[in-house]
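Now for the letters of each chain:
Protein chains: 2
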Amino acid sequence: MKSQMTLRTACIVSTGDELLRGTIADTNAAFLAARLRQHGVSLRRIIVVGDDIQDIASALREATDLADIVVVGGGLGPTTDDVTAQAAGLAFGRPLVRNATAEQMVRSVMARFVRPVPECNLKQADLPEDSEILPNERGTAPGFAMRTQRGLAVFLPGVPSELESMWAVVEREYLPSRGVFHRADLSCFGMGESAIAEKLAGLTAQHPEIRVSYRAVFPEIYVGFEAADATLVTHVAQRAHRAIGEAVFDVRGLSLPKVVAEALKTRGLTCGVAESCTGGQVARLLTQEAGASSFFRGGVVAYSNEIKSRLLRVSTTDLESVGAVSEPVARSMARGAMLALGVDIAVATTGIAGPDGATADKPLGLVHFAVALRDRTIHHCQIFNGFARTRVQRAAAYRALRLLLDAVRESTC
Amino acid sequence: MKSQMTLRTACIVSTGDELLRGTIADTNAAFLAARLRQHGVSLRRIIVVGDDIQDIASALREATDLADIVVVGGGLGPTTDDVTAQAAGLAFGRPLVRNATAEQMVRSVMARFVRPVPECNLKQADLPEDSEILPNERGTAPGFAMRTQRGLAVFLPGVPSELESMWAVVEREYLPSRGVFHRADLSCFGMGESAIAEKLAGLTAQHPEIRVSYRAVFPEIYVGFEAADATLVTHVAQRAHRAIGEAVFDVRGLSLPKVVAEALKTRGLTCGVAESCTGGQVARLLTQEAGASSFFRGGVVAYSNEIKSRLLRVSTTDLESVGAVSEPVARSMARGAMLALGVDIAVATTGIAGPDGATADKPLGLVHFAVALRDRTIHHCQIFNGFARTRVQRAAAYRALRLLLDAVRESTC
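As given, the protein sequences belong to chains H and A, one line each in that order.
All letters in the first sequence, in the order written, are residues 1 to 413 by the numbering used here.
All letters in the second sequence, in the order written, are residues 1 to 413 by the numbering used here.
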């Protein structure tokens, strides 16, 4: 079956009024897109239409013109708004006939629940002539595949669990084995998307055969490099790494919390936090992945000065003389947390997240950080500009993680 | 402006390689679809294409044929893969020119961060001739609108927060007004969208003139009621409140963290947290709004048992005999936090966020909560089922806030 077709490009057609009403986002398309990609099939377009025979038929015709394989999700159920099979018959000029294999499937599933099997369910077996049946192990609607002039059209139910389980059959029966694209990823923090693009402008212009992509998940930026030539991809990614510099914290496309967790686990170090302006965000990032208990012991959210001195033994003299947002207080918080929590390494944040609290010498967005290790304490200070409060907090929490990572990587414990 | 156009139908064009790779689902389209619907505009189709000038231009032409208003999301950034403006110029036959208004906007935003302003950012001001500018308050990319033969095309950045905030401008400037509509909102937590819809099915069927909308920001569900008749809206919202019951925590559409903050501030109470399985999430939610320092003092993230006993004085006997995930430990954590932090009220969480850690008698998702006040400690226990780790943590953090809210509302201090 596979050998007879060359399926290089795809188009997804998602059907359902609920998608056009905005009740749900089209997660089926994201699932299918990722899986097609794994097979080296290039997705050209996703078209979303409502439960209307003419609209679906037009979308099917356009999709067939655009791509070798058309994957359709939705509209195979038993109700009157399920019209995908009729639209397929219309689009490809094939009459609907009751498919014996499909009828048998519907009957055997339905008979478990209700006898006699309702006619509306048997309607699900009325499919375009010469359809090939795709069994559905999680629902009543059989899927089907049709040969088209250019390749193939497959029709799957819209319920995500059914669509996903039936997709495995499509992969096995119809798709080319995995593709030949190579990819490299750089995870960055501390430099904006446009600043990174500027740094890579020359390199990317020099290598038009490399597809460069950016993905921003504030405050992280992921840069991807893709091409058929593995050596070239590696080479360009390495040059890009040098061009971007220390904003790159990982060369596998992992997130900063994951990389920090990995570094701590590899070295067998325990950590803790002391947070003022980040208000629990650093602890939350460190505990969001499974297995955090192997390295994260705990933290103190020292939002008020009283808690800073009470639980972290920050000197009240320092708090009064230089204020909570200062290098000495950040350092005391980190050391205090290391001791109070009994951990190998602790990171502290104290700053002005805004919108209030700025003074003449302490601007909005100013954050002091410290990382305490047994033998030393590192200080860092940064002004996070022009963002909303939650963005200052989030960017500061990632900066804390980055400082923690650097300290762990340099540590000799 | 509005009176000159009749915008009845819409088409959404979403651009971005990350959508065709399946890295993210197209949530922007769902947002836009729901908002268009609120304005009585009928959405005909959503087209998703990659970062390719020709593909975007074709999609724009097709969309313009299909509908009065075309809403485009993505591809306005400063990098080489941002090509939507060029595609628009191509599709509508208008040369790109540097737009003075847009240039001024880019310069004033960028000047806050970097001088001189990089050329790649100024590229964002190169727009099709005769474009009308849509200001972007959350990023550097200005949006723009173009008159088309049939109506209008609007171009917004793909970053969800920017797209959503700029959409408000589009509604105000271009969309048909909905007349004088009255609105009531219920904020809910602890019941799913479909369960709420089920409870409201009879009521909404009875009042087809009321437009009911649901917005889910996990784990909160906001239900809106809208109609021209203010008395009717109030009446229906009150009946809906009774039907949904105690899952409603606010009748103004506010978020749970905001309502908790307001309740504490009104009563002049200070609060703190003791978190195990939620790992800092409760503290983060309480500190994300400005002014948190007036009621939030701090917290202890007691992830390990040692920290629970060391900082919160949880009895090691309890930890060994009944385990960390238990009623006695939750109660001790809350009381310990109240005393250690010197606050009026403290909330504690201890549970099994998963995927590991479940035992025969302590299932995955089990969380014990306690709220300590001066005169009493309240306990609550709940199993959060079938969710991923981060969803268990998030749902549990909101449950902690809800328990805190109920305790504050009942408190007589």
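Hints may be right or wrong, so weigh each one.
Copies of the same chain look alike in the list, so a pair counts if it works inside one copy or between any two.
Okay, derived cross-link-like pairs now, DSS-like style, lysine-lysine, Cα gap no bigger than 30 Å in a straight line [what the hints assert, rightly or not]:
1. Lys123 - Lys362
2. Lys123 - Lys265
3. Lys199 - Lys265
4. Lys199 - Lys123
5. Lys265 - Lys362
6. Lys362 - Lys258
7. Lys123 - Lys258
8. Lys199 - Lys258
Since the hints were derived computationally from the structure, they do not count as laboratory data.
These are the hints, each one checked on the structure:
In the homo-oligomer, the alpha carbons of Lys123 and Lys362 never lie at most 30 Å apart, since the shortest distance is 58 Å inside one protomer and 34 Å across protomers. In this assembly of identical chains, the alpha carbons of Lys123 and Lys265 never lie at most 30 Å apart, being 47 Å within a copy and 44 Å across copies at closest. Proximity of Lys199 to Lys265 under the C-alpha cut-off of 30 Å is found in neither arrangement, the shortest distances being 33 Å within a copy and 48 Å between copies. Within a single copy, Lys199 and Lys123 get their C-alpha atoms only as close as 52 Å, which misses the 30 Å cut-off; across copies the closest is 16 Å, which meets it.
Within a single copy, Lys265 and Lys362 get their C-alpha atoms only as close as 37 Å, which misses the 30 Å cut-off; across copies the closest is 27 Å, which meets it. With identical chains, the CA atoms of Lys362 and Lys258 are at most 30 Å apart between copies only, with a shortest distance of 27 Å across copies and 33 Å within one. When the C-alpha separation of Lys123 and Lys258 is checked against a cutoff of 30 Å, the pair qualifies neither within a copy, at 40 Å, nor between copies, at 35 Å. For the homomeric pair Lys199 and Lys258, the shortest alpha-carbon distance inside one copy (26 Å) is at most 30 Å, but the shortest distance between copies (42 Å) is not.
Checked against the numbered hints above, the structure breaks hints 1, 2, 3, 7 and satisfies the rest.
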